[in-house]
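In case you want the letters, here they are:
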Amino acid sequence: MATVAGDSTSTTRVQTETKLADPNRWWHVLERVLLYVILILVALIFLIPLFWLLSTSLKPAAQLFTPQIEWIPRTFTLENYTKLFGSPQTPIARWFFNSLAIATMSTLLILAVDALAAYAYARMDFRGRNTIFAIMLLTLFVPGFMFIIPNFLTINALHLINNWAGVILPGLAGVFGVFFLRQFFEGLPRELEEAAMIDGANRLQVFYKVVLPLSRPALATLAVITFLASWNDFLWPLLILKDRNLQTLPPGLRTLQSAYTSEYGLIMAGAVVVAIPVLILYMMLQRYIVQSIASTGLKG
Amino acid sequence: MATVAQPQGAATASAPKATSVRRKFSWTPYLFILPHLLMFAVFVGWPFINGLIISFQQYDILRPEANKFIGLDNYTSFFDPNNLHFRTFWNALINTVQFVLYSVPPLVIIALLLAVMLNSKVPGVNLFRGIYFAPWVLSVAVIGILWWWIFQSQGGMINYYLGNLGFTPPRWLSSLPWAWIAITIATVWWTVGFNMIILLAALQDIPDQLYEAASIDGATGWQAFTRVTLPMLRPVLAFVVTITIIASFNLFGQPFFMTGGNPPAPGGGGGTEPIMYRIYITGFTGSADQGRASSMAIMVAIMMIVLSYVNFRLFRERK
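First to last, the sequence lines map onto chains A and B. Residue 76 in this note's numbering sits at position 76 of the first sequence; the count goes up by one each step and never skips. With the second sequence counted from 1, adding 1000 to any position gets you this note's numbering.
Keep in mind that the hints were calculated from the coordinates and are not lab data. Glycine included, C-beta positions come from ideal geometry on N, C-alpha and C. Heads up, some of the hints might be wrong.
Covered stretches of chain A (in silico footprint by chain B; criterion: 3 or more residues with CB under 8 Å from a CB of chain B, positions within the stretch not fixed) [claimed, not checked]: (1) 136 to 144; (2) 225 to 238.
Computed Cβ-Cβ distance ranges for the label pairs, DEER-style [claimed, not checked]: (3) Trp1027/B - Phe97/A: 37 to 47 Å; (4) Phe97/A - Phe1312/B: 37 to 47 Å; (5) Ser262/A - Ser1175/B: 15 to 25 Å; (6) Pro1081/B - Asn163/A: 40 to 50 Å; (7) Leu281/A - Gly1163/B: 29 to 39 Å; (8) Phe141/A - Ile1061/B: 20 to 30 Å; (9) Ser1026/B - Ala259/A: 11 to 21 Å; (10) Gly1163/B - Ala259/A: 54 to 64 Å.
Below, in silico cross-link-like pairs of lysine-lysine (BS3-like), each with a Cα-Cα straight-line distance of 30 Å or less [to be verified]: (11) Lys209/A - Lys1024/B; (12) Lys83/A - Lys242/A; (13) Lys242/A - Lys1068/B.
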C-alpha cells in the first residue's frame, strides 16, 4: 500500500514539473538516456567475464593464444567437454552427481531440523528457551574460521572423513534457518492452529498439517539459499572428502586446475559445468532470490 | 546492534502471553528442538571449547603420539620476532588488513552508487538489478578460476587490451601490488551485488515525502542525497560495512585459486596469503599443527570482535 501511494505521488510530481517548466523536459530525456547508457555499460562489466568463460570453453586449444583477442571462437568445438567427461583422472560427471546429492540431502535435512526447532521457539513456552536463543544469537558474531579446525577434529573422531555425512552434518548446526523460519512462523495467525488443537490435533499434527502448508514461501526461500550455499561450498568438502570419487564440484575445480596446468579451455569447461546449474536456477527464481536477500539481509 | 535487539525484543514481547497459558511440564518443545540443538551443541558449542583446549597443545591428528600440552607457547610464538611463526602470522595478518582496506571502500561505495542508479523508477531496472547480482550466486571456485584465467599474462583478457593500448602489462598474479589489485577486482565483481541489493532495499524504504519536503525547501539533488538519503541509510550502511569487513577478513578462495599465495614474502609466507590461508596451511598441510592453527584462529577472532564493536560505536556516535 505504502509503495503504491509513493508511486502515484512521484508521478504527479513529475507531471507537474514537466508542465510548469517545458525546457526541463529535454533535460529529463537526456538524463534518462544517460542513465540507460551507464546501466548498460555496468551490465557489460558483469556479463563480459562470464561470456569469456563460456567462449574459452568452446575454443580448440590451438586458438587460445592468438595475437588478437577472439571473443567468438573461430571454430566452435565441444572437445574440451568430451575430453573432460572422458577422463577417469578427473571424474567430473561423478562430482556433479555428488554435488547434487549432497546439496539435496543438506537442503532437505536443514529444512526439517530447522523448521521443527523454529516452530518450538516461535509457539511454545519452555524452560531455557530464551537462554538457548540468546546463546544461538551470540554465535552469529563469532567468525566462521574459528570452527574449521575443531570441527575437522570432531569429524575425524567420528570417523566421518571421506564420508558425505562429514560434509552434511555440520551444516545442520546453523542458526540462520531457525531465526528465519521462527520469524515467519510468528507472523502466522494463531487462530488456525488453535482451532486444530481444539479439534484434538497434537502439536506435531498441527505443525505438519497446518503450519507447514502455510509456510511454503518461507520454506522455498530457505531451500533455495541452502541449496546454493551447499552447491557452492568449497573449503569444507575440500578438507573432508579426500577420495577423488567422493569429491564435489568446487574442490574438483582445484583438481582440474592442477591436473591441466595451462589447458585453459578444459579448466574453463569445468567451471562452466559448476556455474550453469546455479545460473539456470538463478534465472528461474531471480526475483525470489533477490527479494529474500534484501529482506533477510536487512533483518540480519 | 539493531539486529540483536530485534529478535530479543520479539521474544520478550511474546513471553508473557505464553506464560499465562503455561500448563504442566511437557517434553514436547524439547523434542521439537532436540535435533537442531544436538547438532548445534556438537558443531558450534563443542568446537568453541575444544578449539580453546587444543590451542594450548601441539596437536596433529596424523601423529597423535606426539600431541602434548605446551601451555601458552603457541600464543607467545606470535610475539617472538626470532620465531618463524611470528613472521608468517603477522605477514598474513597484515596482508588481510591490507585487503580489507583495499576491498571494503569499493564494495560499499560502488554498491551504493549502483543502488542509487537502480532506485530511479525507470522501466527495465529489475533486469539490470538481476544482472549485477548474478555473479554472487557462483561458487568462489568458479570466480577464482575465471579471474585466474582473465589475469593470465599469456592469453589473459586484460593483458590483450593493455598490450594493445601500448602498456607493458604487469605480471598480475605473481607481482605486488598487482596481485592484490587482481584479487580485489575479482572480489568486487563477485560480491558487490549483495551489498547493492541490501542498500537498494533500504533506499526503497525511505519515504517519498522526505524528498518532497526537501525539494519544496529548494534542495538540489546532491543536497537531497547528503541531507536525506545518507542520514536515513546510516544504520543499514553500518550493517553493510560490518558484514563486508567480516567477509573480507575471511578471504580465502580467491588467492587460493588465483595466486596460490604468491609471490613469496621476504620474511616467510606469501605476499598474497591472508590469515585464513595461513590457518589452512598451518592446520592441514605439510607438518600440520592443528593446535597452532587453532590459536591463530582465536587470536584473529578476538581482533575481529573488537573491530566490529569499534565499528558499531563509530557509526553510532557520529549521529
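* To do: Just tell me: holds or violated, for the beta carbon distance of Phe141/A and Ile1061/B against 20 to 30 Å?
  => With a Cβ separation near 29 Å, Phe141/A and Ile1061/B satisfy 20 to 30 Å, so the hint holds.
* Holds or violated: 37 to 47 Å for the Cβ distance of Phe97/A and Phe1312/B? -> 45 Å, holds
* To do: Decide if the proposed pair is consistent with the structure: Lys242/A and Lys1068/B, CA atoms, cutoff 30 Å inclusive.
  => It holds: about 27 Å lies between the C-alpha atoms, which stays within 30 Å.
* Does the Cβ pair Trp1027/B, Phe97/A satisfy 37 to 47 Å? -> Holds: the Cβ-Cβ distance is about 41 Å, inside 37 to 47 Å.
* Asked: Would you say the C-beta atoms of Ser262/A and Ser1175/B sit inside 15 to 25 Å of each other?
  -> For Ser262/A and Ser1175/B the Cβ distance comes to about 19 Å; the hint holds.
* Could you tell me whether the CB distance from Gly1163/B to Ala259/A stays inside 54 to 64 Å? => Between Gly1163/B and Ala259/A, where Cβ atoms are some 29 Å apart, the hint is violated.
* Asked: Regarding Pro1081/B and Asn163/A, is the given constraint of 40 to 50 Å on their beta-carbon distance met?
  -> 43 Å, holds
* Look at the Cβ atoms of Leu281/A and Gly1163/B and judge whether their distance stays inside 29 to 39 Å. => 38 Å, holds
* Quickly compare the C-alpha distance for Lys209/A and Lys1024/B to 30 Å and report which way the hint goes. => At roughly 25 Å apart (the allowed maximum being 30 Å), Lys1024/B and Lys209/A satisfy the hint.
* Check whether three or more residues of the segment 136 to 144 of chain A sit with their beta carbon closer than 8 Å to a beta carbon of chain B. => n = 7 at 8 Å, threshold three: holds.
* Tell me if chain B covers the segment 225 to 238 of chain A under the three-residue, 8 Å CB rule, please? => As far as the segment 225 to 238 of chain A goes, the hint holds, because 6 residues have Cβ atoms under 8 Å from chain B.
* Satisfaction of the hinted span 11 to 21 Å by the C-beta atoms belonging to Ser1026/B and Ala259/A -> With Cβ atoms ~57 Å apart, the hint is violated.
Against the hints set out earlier in the document, violations occur for numbers 9, 10.
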